[in-house]
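Protein sequences, first through last, are from chains W and E. The numbering of the first sequence is my numbering, which starts it at 57 and goes up by one. The numbering of the second sequence is my numbering, which starts it at 57 and goes up by one.
Please keep in mind that the hints were generated in silico from the structure rather than gathered at the bench. Mixed in with the good hints, there may be bad ones.
Any copy, or any two copies together, can satisfy a pair, since identical chains are not distinguished.
Calculated cross-link-like contacts (lysine-lysine; reagent style DSSO-like; alpha-carbon spacing at most 30 Å) [stated by the list, open to error]: (1) Lys261 x Lys227; (2) Lys419 x Lys344; (3) Lys261 x Lys91; (4) Lys227 x Lys419; (5) Lys152 x Lys126; (6) Lys126 x Lys227; (7) Lys261 x Lys303; (8) Lys426 x Lys152; (9) Lys207 x Lys261; (10) Lys344 x Lys261; (11) Lys261 x Lys183; (12) Lys419 x Lys152; (13) Lys227 x Lys406.
None of the values given here were measured: they were computed from a predicted structure.
Number of protein chains: 2
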Amino acid sequence: MSNSLKLKQLLVDIHTHCYLPRYAAFLRSRSIAPKIFTSGDRERLLILDDEPATGRPVGPQYWDRNEKLKFMDTHDIDISIVSTANPWLDFLPPDKAHTLATELNVDLEEYCATSPVVSMPGSHDIKRLYGFGLLPLVPDIPVDAILQVIKQISSLSHLKGVIMGTKAVGKGLDDPSLEPVWEALSAAGLVVFLHPHYGLGSGAKEAWGNRDNGHVLSLALGFPMETTIATTRLILAGVYDRHPDLKILLAHSGGALPQLSSRLASCISHDPVVSSRLQHDARYYVSKLYFDAVNYGPEEMGFVADVIGRGSAYANSQDQRGDRMSGYTRMLFGTDHPFFPPLDGEGRWKSVLENIRAIEGVKGWGEAEKAAVLGGNALELFLQGPM
Amino acid sequence: MSNSLKLKQLLVDIHTHCYLPRYAAFLRSRSIAPKIFTSGDRERLLILDDEPATGRPVGPQYWDRNEKLKFMDTHDIDISIVSTANPWLDFLPPDKAHTLATELNVDLEEYCATSPVVSMPGSHDIKRLYGFGLLPLVPDIPVDAILQVIKQISSLSHLKGVIMGTKAVGKGLDDPSLEPVWEALSAAGLVVFLHPHYGLGSGAKEAWGNRDNGHVLSLALGFPMETTIATTRLILAGVYDRHPDLKILLAHSGGALPQLSSRLASCISHDPVVSSRLQHDARYYVSKLYFDAVNYGPEEMGFVADVIGRGSAYANSQDQRGDRMSGYTRMLFGTDHPFFPPLDGEGRWKSVLENIRAIEGVKGWGEAEKAAVLGGNALELFLQGPM
């Protein structure tokens with residue numbers, strides 16, 4: 057990384073979504089969720105299985121690259137690592153998923169490669185847009201087809217990782233058939249951005265009850281709980297023991313995983329089935345993950361950093377104690393754009409400002425730590441290699 | 057409270073369960089869960105709907121008061137506020153639930169009233185055991201029957217609150233028919249100990265996947281998620297706006313609610329259905345709750361206190377900022393005895409020591425804060441009145 061780049065404090069958004077035009081067109085062709093449909097004079101998106109049938113308004117911010125850049129300019133975001141929004145290709149048959157993944161990866165590479173360069177001295181080779189590619193993770197896909205697309209993504213220089221849901225090829229992230237996939241992703245150095253879509257799935261109807269709470273329960277609780285469960289199952293399956301270099305980035309700061317991680321460690325150590333299965337305390341594995349800084353509160357920010365920082369205390373080989381002054385290095389700013397638009401229209405988005413203020417409000421963090429979370433960590437993780 | 061009592065630092069366990077002999081006998085008479093059955097030469101308990109059919113070993117620690125006192129002595133616990141373990145009376149028809157609640161409350165009063173006094177000067181009127189009573193919270197129960205039992209509990213001087221699951225009379229804690237119940241509990245000054253049992257309910261099978269992880273997922277994740285969802289629904293229903301003096305104590309430090317509380321606040325403010333429904337920011341309501349200190353990690357302890365402490369910043373009427381140095385006042389030590397026994401037998405329990413060490417390890421807390429969480433807060437909350 058050039059010194060000039062390190063000197064300027066860049067704001068990098070690693071949690072920002074799009075439906076590329078090819079994907080949006082495909083959603084418009086569908087009659088069941090996920091689908092884009094026209095209601096009155098505007099388009100709406102039905103994305104979740106358990107959401108009200110009216111869905112939510114959808115517009116060019118989802119597919120128009122100029123809108124993404126405009127949003128970035130409004131919020132002084134220098135670089136975005138863009139990913140397709142859920143539900144990705146999860147709902148497709150294997151052939152279609154494979155074809156569309158390959159095509160959309162090429163589309164996203166072009167979307168990024170032809171984007172403006174970052175406006176700063178000596179950075180003429182850094183673009184404003186990079187991307188997470190898509191894998192054809194659907195039931196009955198041959199593992200070779202997945203490996204082939206990992207190879208494709210590795211060859212596209214503006215794609216820096218993959219975005220992935222929690223179902224994988226239908227049985228979750230603890231499915232033994234994924235071993236070659238983890239192996240290939242680890243070897244390629246691609247970051248796996250793990251993102252929820254299903255919430256509590258079939259249990260949601262019972263869990264959320266009868267009262268109309270809009271999307272609040274599924275988004276505020278269901279999404280983070282899904283990520284928490286998926287990551288815990290992955291840890292319990294020993295994936296990190298076998299692939300210690302795997303780089304997994306958790307959406308929404310890992311949901312509830314940080315707060316439940318000591319309880320998880322305790323439950324593991326008290327359970328005869330699981331207690332001797334893993335090489336390390338659960339809290340060690342949690343500290344090997346990356347976390348977006350999308351949690352909306354300074355206390356949450358600081359706590360996630362505490363949990364990452366303490367991980368070394370729980371590695372069997374070490375006994376030193378970490379804290380938020382070391383844990384900040386695995387936290388990365390994000391916006392979740394174009395979701396959570398302000399209810400009252402124009403200007404800077406409340407949802408974005410909340411996370412920036414939360415990062416700036418963490419007790420104990422100085423300018424260096426805040427700058428790292430706002431951009432420096434993302435530059436290290438995604439752009440160090442090829443620059 | 058007497059000065060001498062304040063001087064000695066008592067250890068008070070507010071999260072400790074029993075199956076009173078009458079309840080255990082009833083479980084033995086059943087052929088479906090919850091049930092106690094004999095396998096080989098010992099008894100086992102099947103308690104969760106989705107647990108392996110072998111259940112778990114169960115013994116006198118569940119029903120014998122001497123075992124409870126022995127456990128307390130082993131861990132230097134001065135006072136325990138004992139509650140019936142889940143699933144309480146949830147699975148019973150209304151008449152049986154009503155009868156059994158009334159009988160078990162009398163049993164528990166006697167269990168406590170005849171217990172030894174705390175061994176310290178000037179405390180001859182303080183017993184070592186107090187209790188949470190049971191309400192007949194089952195579908196189709198007349199609300200008057202519930203109110204009648206609240207009255208009974210208020211008249212039993214060693215019962216200081218009620219323990220409650222998340223289903224209430226079948227529809228959850230946001231059921232409008234509970235209004236008179238909240239009103240009566242609030243007026244009586246009884247603490248509501250909210251405790252999980254169902255985990256993710258019907259969604260668990262899908263959520264936990266196919267691999268054998270023992271009880272880890274349902275206990276480490278399902279339980280705290282259930283509490284989180286139930287409390288969030290209660291907040292969203294405006295229960296705290298209508299009953300601001302209600303004292304609700306959350307098991308397992310509120311599960312994931314503290315870590316998801318800023319996301320919850322943000323999702324509420326971005327949702328057209330809910331955004332104008334509540335009087336305060338969600339984080340304010342979270343700070344009005346009480347939290348047991350059963351989360352097994354010092355970082356979790358400190359974070360929960362941060363989240364409680366910041367609540368005043370989110371009351372519409374105030375703007376000062378709190379932190380863990382004010383938030384500790386609503387956290388109370390607990391053991392979850394007789395659950396989580398050590399896998400390797402005798403002596404002090406790992407699960408208990410973990411929480412004591414976690415409380416003692418919170419950054420920023422001095423002796424006064426630690427002593428308050430270990431016992432002082434419980435004395436204030438449960439014993440201030442009658443002493």
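Structure-inconsistent hints, enumerated in ascending order: 4, 5, 6, 8, 9, 11, 12, 13
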